[in-house]
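Below, each chain spelled out in residue letters.
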Amino acid sequence: MHKSRFYLVAIVIVAALLRFVYLDVIPPSLTWDEAAWGYNAFSLGVDVKDEFGKNFPLDFIESFGDFKPPMYAYLGILPVKIFGLNEFSTRFPSALFGVLSVITTYFFVLEIFGKQRRGLALLSAFLLAISPWHIMLSRAAFEANIAQFFILLGIFLFLKSMRNKPYLLMGSVLSFVASMYTFNSARIVVPLVVIVMGLFFSRKILQQWKTTAIALIVGFIVCLPLFLFLNTPQAKLRFNEVNIFSDSGVIIRANHQIENDNYTPISKIIHNRRLAYAVEYMRHYVDNLTPQFLFIRGDGNPKFSIQDVGQLYIWEIPFLIAGVLILFRKRVGIWWIVPVMILIGIIPAGFARETPHALRIENTLPAFQILTALGLLSFISIIPKNKKQIGIGLVSIVVLLNFVYFAHNYLTHYAREFSGEWQYGYKESVEYVKAQGSGYSDVYVTEALGRPYIYYLFYMKYDPVLFRSEAQIYREALGFVHVNKFSNIHFTSKIKDVVDVGALYISTPSEKPESAHILQEFRLLNGDVALVAYTL
Amino acid sequence: MKLFKKPLFFLFVIIFIAAILRLYDLGKVPHSLNWDEVSLGYNAYSILKTGHDEYGAFMPVVLRSFDDYKPALYTYFTIPFIGILGLTEFAVRLPSAFAGISAVAIVYFLVTELLGNKKIKLLDREIDVSLIALLTSFFLAISPWHIQFSRIAFESNVGLTLNLLAFFLFLKGLKRNYLLPVAFFVAALNIHMYQSERVFSPLLMIALSIIFYKKLFKIKRWFLLSLLTAIIVALPLVVYILNDSRALMRAKGVSVFSEQTLVKRSAIKLLENKKTGNIVGKAFDNRRVDFVKATVGGYISHFDLNWLFITGDIARHHAPSMGLLYIFQFPFLFVGIYLLVFLKIDLRYKIAFFTYFLLVPVPASITSGVPHAVRTLNFAWTWELFIALGVAAVGVFVLKQKKAFIKNSLRVVALFYILFALFNFAYYINQYFVQMNYFTAKDWLFGYKEAIAYISPIKDQYDKIIVENEVPFDQSYMFFLFYLKVDPYYYQKLGGTDSGGFKEEHRGFYNFVFKSTRSASGGKKTLVVGRPGDISGNSSNVKVIYYPDGTPAIAVGEK
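Keeping their order, the protein sequence lines are chains S and Z. All residue numbers in the first sequence are consecutive under the working numbering, ending with 547. All residue numbers in the second sequence are consecutive under the working numbering, ending with 691.
Heads up, some of the hints might be wrong.
Stated by the list, open to error - Once the Cα atoms are required to be at most 30 Å apart in a straight line, the calculated DSS-like pairs of lysine-lysine come out as:
(1) Z:476 x S:396
(2) S:314 x Z:407
(3) S:279 x Z:534
(4) S:215 x Z:534
(5) Z:425 x S:314
(6) S:341 x Z:532
(7) S:279 x Z:160
(8) Z:250 x S:341
(9) S:341 x Z:251
(10) S:399 x Z:534
(11) S:396 x Z:346
If you're looking for bench data, these hints aren't it; they were derived computationally from the structure. These figures come from a predicted structure and were not determined experimentally.
Start from the sequences, fold in the hints, and give me the full structure.
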């Protein structure tokens, strides 16, 4: 007992180190979504209103025309109060919950396979602790990472309540609800997981019908604001933007095919657009299991993957496959929850155009790690006794080398290669404006790199009350919000048209007029110029 | 299961189905011969008439064709068909179609041999192995993947058939030893068939020899004879490769080692490491690591479910909107893999099968352009075996239910699923025979035949006919050789083909010249064949060949 707890503590320390060390500089800078979380947490901490003055937002937080579940901003309040409004405090919740996921994984595995499988539980937790996928998503303010924790905790508490602690069902419900207030994908995943688990445990649930009923009623009440919101056009906005069913190419192709068949009735059935969309859905779903994505390069978006390793390590391939086979062969305990987590976890991502998507399917974690651990332990168990230590040693070396490869690239090359993806340069330009801006009547900032105002609010720690009272805000018909001006800072997409001799300009190099007097350049870490400050 | 007491009758029916699916409209679907097909055809024609190929090589072991330097066996297989049927699309594709039909038959016997000849246990029920073999054979007969390459002159398809034959003869040869040398003969022959087989067939035979080494040790003489046979058959190729460095040009051209982007990224990293004095970086950020990753990535890319079931790779390798397998087979694949892994049969046979399965992507894994349905065509039947096992097991599961309610409802579900499968098949047939020619005409280089049919009767009215020789008309000379049935004696007397490169001008014949038409000009007496955009602009009397979807493909006119 003591020994495994000791190992668990060691794993948690490793996980924490991998998630907290250099948190403010790797990734190199805040994306606008991160900056928005930070500033909203700051704003909520001041007067329980979000950036635009919405009082105690429960259903959503408006951010750049997107209506996001608000949880991350609330979780950010305390860290921002304690550490101040900066990169570290903004990312703190994600990193913290990342560590909590590692701990939960340990107990989750024990719950699935039984108390005696401590080795398996430790290994699963360890694999999650060193997982490139989980490390990358824990080191930036990604709300998906928080949702992943809540879903995992919800499933864990549910299973535990079914075994011997009925009162934990309430905890499970609350955790599930929390995940739905955290990330959109959870709103599809959680109901499905609950239904599947409910079916498997239907007898038990009927036996404990009182606790179940209370938990369900409480869950329903807590979900009410969410239900009300889901009926509004804002809720559908994001879905309409990213879903595959708005692709008209599918219909055009189907019409051609029917024409080629001379409009026979059978042709109209087999080339029905609903079928074509069903296949399209399947394509996007399966895309998330592409070997290249899982093992070689990871998500094509450098924010989610360093492009050098896959979402999983390359050495995991044989063990993952073995793990799946053994899981189905042995069928120990509540084994079925592992594939269920993967199969359901991908469902929401399949609706979106951009696949595979490491962030949207993060809620499949730690199923992959559990399967790998299972395969790895089985492999070790079939090594003959006298060669066991050599076998374990070799595997450890491979695991270590692969980890060092990831860590080396992440620590030394990642920031330089992809600082542009993280909107590097904004912070430096804001610091410059903060220091020099008072000397100018007006400051004009380009919108060419997107959403600049949030960085000015964030790095100037601008008083939200003042911002709300003075900001010039313009809303597009589809909901996108532009902040045109606050204080003496103007934000414009047409900076070339602004002629103000006494003003300070911040724009991309290509927007700068030839004759301008350059005051300062703000460079990406690879040397390219992101922004320049100049006067006319 | 009494139905399956006469497996050979069913096999006959399946072969009949396979034949219909492979021979019906063979010359017309796909729409047109692509450049590799015309090249194979014309070189066979040339060897048949003169003994020399287009470059003037006598009875070549390796066909230089467009500097691919590919194994020449398919060309020789084509010779009798062209001799009898003439130089036609049908004759060029027929060897492949025959190989495809044979594969459907051979796979039946191979599976019977692999699973141990009698009965296997699935979900506590005894099942005739012949049922599994028939199902595999049937699924191969209707396989979109296998049909795709059985209906075009691709060497890879004959390569698959020879591998199946070699595998079967090897297993059979363990019992009837005189078949063992035949197995090695076939396998060695296969390295003259297709690039991938140069790697795959030897690896397969080596692996099989290792797996069954105990048995082979007992029949040493037969085994040595087999090795000798293989060496003799392989010798011409070995000699050729040793003598001509260009023989491996194609292999180098398509390998991952020629990808420059990889190298560039790690070069920048190395520079960075040097600046910061990072020792770890020196070990990790080098090309070797990248190439290992690219190779493993290439290998596992062939286990992409999207590639297998939904998208396929490039347009010529699958029917439009179809993958390589049917969507209805999707769930059975996983059931089948699981079952075969844990199936109680002779372990060596099981290992032999999985070795074959896992070796298939090896040759393709070091190439770019993965996943690649042609280079891994050897896969085709293995997936069908998994699926056959899966289908059989699910069938048993449905039939063995005792409770009336469950039994009946499962049967209803099964019925609907069968309808769905039929629907899926109908969809494929429609996609292949109706939609493919419309959607992928461009990929099949449609238009040459039609253009040449137009030019042929009027060609003598012109002093000169200039044919475009650059993208997308590279290697256009070969289509003219093929469709004009240019006398190989005459062509070789002119000097034959000089170079296979994609950019070079090609030797003309009759009054034809093959070069870029962009700068071409001439009077009334010059006819130009090329891009519609180049020609239609400033000339009258232009004939345009259109793709089935109405976009222009080739223009013929005076410029």
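Is the hinted pair residue 425 (chain Z) and residue 314 (chain S) satisfied, with a Cα-Cα distance of at most 30 Å? OK: residue 425 (chain Z) and residue 314 (chain S) at ~21 Å, within 30 Å.
Is it true that the CA of residue 215 (chain S) sits at most 30 Å from the CA of residue 534 (chain Z)? holds, 26 Å
Keeping to a limit of 30 Å between CA atoms, is the pair of residue 314 (chain S) and residue 407 (chain Z) held or broken? Roughly 26 Å between the alpha carbons, so the hint for residue 314 (chain S) and residue 407 (chain Z) holds.
Sort out whether residue 160 (chain Z) lies within 30 Å of residue 279 (chain S), counting only the CA atoms. holds, 25 Å
Decide if the proposed pair is consistent with the structure: residue 250 (chain Z) and residue 341 (chain S), CA atoms, cutoff 30 Å inclusive. holds, 28 Å
Below or equal to 30 Å on CA atoms is what counts here, so check residue 341 (chain S) against residue 532 (chain Z). holds, 23 Å
Would the hint linking residue 396 (chain S) and residue 346 (chain Z) be met if the CA-CA limit is 30 Å? holds, 27 Å
Given hint residue 251 (chain Z) paired with residue 341 (chain S) - CA-CA distance at most 30 Å: Satisfied, since the Cα-Cα distance of roughly 25 Å is no more than 30 Å.
Taking only the CA atoms, is the gap from residue 399 (chain S) to residue 534 (chain Z) under or equal to 30 Å? Violated, because 47 Å separates the two Cα atoms, which is more than 30 Å.
For the pair we were handed, residue 279 (chain S) and residue 534 (chain Z), check the Cα-Cα distance against 30 Å. violated, 40 Å
Compare the distance between the alpha carbons of residue 476 (chain Z) and residue 396 (chain S) with 30 Å, and conclude whether the hinted pair is satisfied. holds, 26 Å
In summary, the structure is inconsistent with hints 3, 10 from the numbered list given earlier, while agreeing with the others.
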